[in-house]
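K.L.:
From first to last, the protein sequence lines stand for chains A and B. This note's numbering applies: residue 11 is where the first sequence begins, and numbers increase by one. This note's numbering applies: residue 91 is where the second sequence begins, and numbers increase by one.
If you are wondering where the hints come from, they were derived from the structure by calculation, not from laboratory data. All C-beta atoms in this analysis are idealised placements derived from N, C-alpha and C, irrespective of residue type, glycine included. Among these hints, one or two may not hold up.
What the hints assert, rightly or not - Computed cross-link-like contacts, DSSO-like style, restricted to lysine-lysine with a CA-CA straight-line distance of at most 30 angstroms:
1. B:Lys-99 <-> B:Lys-173
2. A:Lys-46 <-> A:Lys-61
3. A:Lys-120 <-> A:Lys-48
4. B:Lys-104 <-> A:Lys-48
5. A:Lys-48 <-> A:Lys-27
6. B:Lys-173 <-> A:Lys-79
7. A:Lys-61 <-> A:Lys-37
8. A:Lys-120 <-> A:Lys-66
9. A:Lys-66 <-> B:Lys-173
10. A:Lys-46 <-> B:Lys-99
11. A:Lys-61 <-> A:Lys-27
12. A:Lys-48 <-> B:Lys-147
13. B:Lys-161 <-> A:Lys-48
14. B:Lys-104 <-> A:Lys-74
15. A:Lys-66 <-> A:Lys-46
16. B:Lys-147 <-> A:Lys-37
17. A:Lys-48 <-> B:Lys-99
18. A:Lys-27 <-> A:Lys-79
19. B:Lys-99 <-> A:Lys-120
20. A:Lys-61 <-> A:Lys-79
Said to hold, decoys possible - Residues of chain B clear of chain A, computed beta-carbon distances all greater than 10 angstroms:
21. Arg-103
22. Glu-114
23. Leu-117
24. Ser-155
25. Glu-159
26. Thr-167
27. Ala-171
28. Gly-187
29. Thr-190
30. Arg-196
31. Val-199
32. Val-200
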Amino acid sequence: SQELEQSPQSLIVQEGKNLTINCTSSKTLYGLYWYKQKYGEGLIFLMMLQKGGEEKSHEKITAKLDEKKQQSSLHITASQPSHAGIYLCGAPYFNNNDMRFGAGTRLTVKP
Amino acid sequence: DGGITQSPKYLFRKEGQNVTLSCEQNLNHDAMYWYRQDPGQGLRLIYYSQIVNDFQKGDIAEGYSVSREKKESFPLTVTSAQKNPTAFYLCASSVMGGYTFGSGTRLTVV
Chain A
11 SQELEQSPQS LIVQEGKNLT INCTSSKTLY GLYWYKQKYG EGLIFLMMLQ KGGEEKSHEK
71 ITAKLDEKKQ QSSLHITASQ PSHAGIYLCG APYFNNNDMR FGAGTRLTVK P
Chain B
91 DGGITQSPKY LFRKEGQNVT LSCEQNLNHD AMYWYRQDPG QGLRLIYYSQ IVNDFQKGDI
151 AEGYSVSREK KESFPLTVTS AQKNPTAFYL CASSVMGGYT FGSGTRLTVV
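Just need the whole structure built from these sequences, with the hints factored in.
P.N.:
Structure below.
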């Protein structure tokens with residue numbers, strides 16, 4: 011079973027619309043990372059959240075961490091075709107020496 | 091510029107062959123990782139190494155082997171024992187929890 015569950019699995023939105031992607035952990039979170047991946051390419055770091063209640067923004071993308079709910083959300087405002095891709099959340103866990111990842115959310119933005 | 095270089099970008103393997111995927115980093119990171127990515131699934135850890143000359147199995151190590159003779163290099167060999175090797179392979183390195191990923195190698199069995 012995966013430690014991190016992402017929802018939705020895929021998302022199709024019209025350009026200009028807002029959207030939210032969720033990432034829920036089955037274990038205690040000590041930090042949460044968001045990455046973006048274009049098909050067939052590596053992962054590009056977006057944001058890192060370390061403290062409960064922390065919120066970070068970069069351009070039109072905002073991520074929040076709710077430690078109590080063991081959940082993070084990624085919100086994109088006024089989506090553009092350049093936002094299309096796969097968004098993955100990742101988290102380190104104390105009993106692992108690596109980062110675990112969600113299955114990803116595939117975002118399509120229709121012009 | 092510092093980064094991780096994976097090569098080749100595309101690789102084709104015949105049944106029964108071993109192939110080696112290259113991963114080189116010039117970030118001076120101690121830890122390096124190999125992940126496998128299949129459609130609709132997250133990244134699954136194959137092997138990781140936290141220091142030179144030491145490496146550990148991840149969740150899906152069967153059919154794979156690695157070496158870490160130099161800090162900069164962490165090659166992955168996909169052996170003939172790996173029954174379903176067609177996938178996208180990602181190498182990463184990290185320091186203080188921050189991961190940097192390579193651009194990946196797509197391996198196809200023909």
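K.L.:
Each of the hints needs a verdict: does it hold here or not?
P.N.:
Verification of the supplied hints:
1. B:Lys-99 <-> B:Lys-173: holds (21 angstroms)
2. A:Lys-46 <-> A:Lys-61: Holds, at about 21 angstroms.
3. A:Lys-120 <-> A:Lys-48: OK: A:Lys-120 and A:Lys-48 at ~16 angstroms, within 30 angstroms.
4. B:Lys-104 <-> A:Lys-48: Answer holds: B:Lys-104 to A:Lys-48 is near 28 angstroms, not above 30 angstroms.
5. A:Lys-48 <-> A:Lys-27: holds (20 angstroms)
6. B:Lys-173 <-> A:Lys-79: violated (39 angstroms)
7. A:Lys-61 <-> A:Lys-37: It holds: about 15 angstroms lies between the C-alpha atoms, which stays within 30 angstroms.
8. A:Lys-120 <-> A:Lys-66: Holds, at about 26 angstroms.
9. A:Lys-66 <-> B:Lys-173: violated (42 angstroms)
10. A:Lys-46 <-> B:Lys-99: Cα-Cα ~19 angstroms, so holds.
11. A:Lys-61 <-> A:Lys-27: holds (29 angstroms)
12. A:Lys-48 <-> B:Lys-147: Holds. A:Lys-48 to B:Lys-147 sits at ~28 angstroms (cutoff 30 angstroms).
13. B:Lys-161 <-> A:Lys-48: holds (28 angstroms)
14. B:Lys-104 <-> A:Lys-74: violated (46 angstroms)
15. A:Lys-66 <-> A:Lys-46: Roughly 16 angstroms between the alpha carbons, so the hint for A:Lys-66 and A:Lys-46 holds.
16. B:Lys-147 <-> A:Lys-37: The hint holds at about 22 angstroms.
17. A:Lys-48 <-> B:Lys-99: With a Cα-Cα distance of about 14 angstroms, the restraint between A:Lys-48 and B:Lys-99 holds, given a limit of 30 angstroms.
18. A:Lys-27 <-> A:Lys-79: holds (26 angstroms)
19. B:Lys-99 <-> A:Lys-120: holds (29 angstroms)
20. A:Lys-61 <-> A:Lys-79: holds (13 angstroms)
21. Arg-103: About 18 angstroms separates B:Arg-103 from the closest Cβ of chain A, which puts it past 10 angstroms; holds.
22. Glu-114: The claim stands: B:Glu-114 keeps its Cβ more than 10 angstroms from every Cβ of chain A (closest is about 14 angstroms).
23. Leu-117: At about 13 angstroms from chain A, B:Leu-117 clears the 10 angstroms cut-off, so the statement holds.
24. Ser-155: holds (18 angstroms)
25. Glu-159: Non-interface label on B:Glu-159 holds, nearest chain A Cβ at 20 angstroms vs cutoff 10 angstroms.
26. Thr-167: Check passes; 20 angstroms lies beyond 10 angstroms.
27. Ala-171: Nearest chain A Cβ is 23 angstroms from B:Ala-171, so the label holds.
28. Gly-187: B:Gly-187 not clear of chain A: closest Cβ-Cβ about 6 angstroms, inside 10 angstroms.
29. Thr-190: Answer for B:Thr-190: violated, closest chain A Cβ roughly 7 angstroms.
30. Arg-196: violated (6 angstroms)
31. Val-199: holds (17 angstroms)
32. Val-200: holds (18 angstroms)
The structure fails hints 6, 9, 14, 28, 29, 30 (numbered hints given earlier, in ascending order).
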